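Student: Listed below are the residues making up each chain.
2 protein chains.
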Amino acid sequence: MRSLFTGALLLALTACTTPQIQQDPLADLRDRALTDMTGYQLVSDLTTEVGARMPGTEADARAVKWMEQRFKTMGFDKVWLEPVVFPLWERKHERAAVIGNSSQPLHITALGGSAGGKLSAEVFMVDDFAALQAVDDAAVQGKIVFIRNRMDKHIDGAGYGEAVIARAKGAITAEKKGASALLIRSIGTDSHRFPHTGMMSLSAGTPTIPAAALSNPDADQLERLLVKGAVEVALDIDVGFTGEYRSHNVIAEVTGSSRPDERIVIGGHLDSWDLGTGALDDGAGVAITTAAAAFFLHPEHRPARTLRVIAFANEEQGLLGAKAYARDNEALLKNHVIASESDFGAGRIYAWETKMAREDAAMVARIKHLMAPLGIDYKGNKATGGGPDIIPMAEKGVPVFRLKQDGTDYFDYHHTADDTLDKIVVEDFNQNIAAWVVMLGVLANEWER
Amino acid sequence: MRSLFTGALLLALTACTTPQIQQDPLADLRDRALTDMTGYQLVSDLTTEVGARMPGTEADARAVKWMEQRFKTMGFDKVWLEPVVFPLWERKHERAAVIGNSSQPLHITALGGSAGGKLSAEVFMVDDFAALQAVDDAAVQGKIVFIRNRMDKHIDGAGYGEAVIARAKGAITAEKKGASALLIRSIGTDSHRFPHTGMMSLSAGTPTIPAAALSNPDADQLERLLVKGAVEVALDIDVGFTGEYRSHNVIAEVTGSSRPDERIVIGGHLDSWDLGTGALDDGAGVAITTAAAAFFLHPEHRPARTLRVIAFANEEQGLLGAKAYARDNEALLKNHVIASESDFGAGRIYAWETKMAREDAAMVARIKHLMAPLGIDYKGNKATGGGPDIIPMAEKGVPVFRLKQDGTDYFDYHHTADDTLDKIVVEDFNQNIAAWVVMLGVLANEWER
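Sequence lines, in order, name chains A and B.
As numbered in my numbering, residues 1 to 449 make up the first sequence, in order.
As numbered in my numbering, residues 450 to 898 make up the second sequence, in order.
Isolated chain A (complex conformation) (with noise of 0.2 Å):
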């Protein structure tokens, strides 16, 4: 509350010395957001209600209700479904302990798109996805292929794409060597006794080999016992495709007042991964985004060009409901005028970006004005995404903007049972709604394109 209040405070006395913004609605919006707990009550609510809600489990058909509901209590112009189609894959159990002379439990959660498998077998370690690729074939005959590198911690989350080649591809590569399973040092950063989940890459083939990720005290675990000798490791992973769902990206929209056919597409993904409660991962994003533009239906702010929300079916294996959104609403992308998605946490704001067809320099010097009491700068027109769900419709030419979160922590808790609401800080959380409401105050009314 104090921390609330020094930016309050600090709002106040900018305004002070800028009287103009006592005379702007939109720098309105944008201060009333920083306290409004309207999506922080969705976020909440989302994780409690609903908690997990993995993609075709029974809690991803409880999440679409509650969404469609939500979105219709807090009085959208208008709410619909639209189906997204996948495979289903299920966790039933997963266990994994070192036996022998020092047997003792691991903690393992098998990859998303993992088969299930019950063997024991030597542990044979590699130094990173590169070692794998150039190991003998005979040295990982029948053993557990163990991938040790451990992911490093930055604000913008840089270490991911290093590390998560081990999950993408991991499994593939082993099985083709001859490998019985796949271990890996979980991709994330913290030193918690949880393992991280998240899909592998199944483009080159689906494996028949289980594969799963340890903690890291685990992986650290791992290491040592292997400084000291042979370790056997005894896998018992009941996962796998069972057969196909059909969920739902849940849609919203605020209809503009004078350009209803231009639209500014934005979301979160509804889905999560089944160990958390999926605060981080993508309640916030959902929440977020839904609130900010929430502030657009009142009267006095009714925007000229149409907000659209979409909260995003599975997204964890895929961007399935992404792809099915692109596929099935390809008509309209030509007037989707600029989209984005938050999908990185709950951290606060520190730089915004797009990537569109040429700069409006009168746009960029409103957002400029209007995000700097924020503490955030402008990139440039040089954004290498909107997110994950916006990269399908990007691909087809759909212009995007980005808000960019501290997410130096976002890697403790990704794809773990530890994501859950206590990790939001409330204050970083509204921080990111009032920068929404800044993008879309302006994109919505003030942007020529």
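No lab work stands behind these hints: they were computed from the structure.
Computed from a predicted structure; not experimentally measured.
You can take every hint at face value.
Covered stretches of chain A (chain B as the covering partner; in silico rule of three or more C-beta atoms under 8 Å from a C-beta of chain B):
no.: 1; region: 49-58
no.: 2; region: 102-114
no.: 3; region: 188-194
no.: 4; region: 216-225
no.: 5; region: 412-420
Below, computed lysine-lysine pairings styled on BS3-like, alpha-carbon distance capped at 25 Å:
no.: 6; chain 1: B; residue 1: K677; chain 2: A; residue 2: K65
no.: 7; chain 1: A; residue 1: K118; chain 2: B; residue 2: K541
no.: 8; chain 1: A; residue 1: K228; chain 2: B; residue 2: K514
no.: 9; chain 1: B; residue 1: K541; chain 2: B; residue 2: K592
no.: 10; chain 1: A; residue 1: K65; chain 2: A; residue 2: K323
no.: 11; chain 1: B; residue 1: K541; chain 2: A; residue 2: K92
Note that beta-carbon positions come from the ideal geometry of N, C-alpha and C, so glycine has one too.
Starting from the known structure of chain A, arrange chain B on it as the hints suggest.
Tutor: For chain B alone, kept in the frame of chain A given last:
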């Protein structure tokens, strides 16, 4: 490494202004302890090679053998085992879930001594143990009582005593009122999804209802759900007493050169809970005291009095090794000149204190002088105890000392799966060993009782 270097530099500078320290073998030994890795290697090996070592498990026996062997390898003058027999409590599985409209798993762990049970019932929340005592029996009839209060964080763990009564007496109290089960918010100060186990008090009878702890985020979740309406929880807990087990205290001595019958008794407890690998609780304490005593095995540092190191069996389930020791060694206790245990993690020591018949001013001055460079203050001859396993001998008149550790974060990890080696900060751990070296050196050689 930088802070180790800075520490060494500061000590060197201190030495320059007080050159007599360079002539003091005990000060030299203290300073060597700051960089010696014998102790850290001990706790690393114990937690890696043995791992978790819950009383009565196969790993309990492995730990005893490991400790006996390690004492011998290190060259202690005498090494032996003393039997400790206790009721065997086993944990087979434990699951909990909210059922109904918000169905979702809850992370729990059964409390030590709990009965098993499979049931579902409505949850009845109380603010704390006192509120449970005060509630009408009719209100909790057949229900799962949930005690919601959260432990506070303090440097000396002061919040523990206040909070732990919910774990100690909650189940027997709830059972007497007709409840079907007990859930407590974990007695822990973290916000991670780890439930904290720990023993119930069985002094007022062994409860026949299941009793378990929720992780703090799960307790938060249950509180939020209860605000929205009635909550039904399903429990499936398979634990219980299944027989009797014979473990051992593992004891080693550095024989005193001139007063061998006068013993300074130190140690930690060898057992741990089953969830983590017991690095902080109490691998650290065993390793700190063993490594400190081992410095005095060197021919140049042989002590006048005997140093006895005890790796106690089964502290966790009621000081059972310590009680056996005090009972079976009663005749020796009059020559146990002072005793102390390290059992509060691996945080830096900030104070030392004693509880003995009379203070020896010269001894106090000497220790103060040697402790000052370590940042450790004297708190007087008013210690309330020498550590949990020292209680039974202190009750029979053995004087005690206590080295007070910074336990601010101790209850973040205590009795959870997350109590693993990576939580030990080497510099702080070694500062502990240095302080124990000071105590042992002065008490064994420079103290007239």
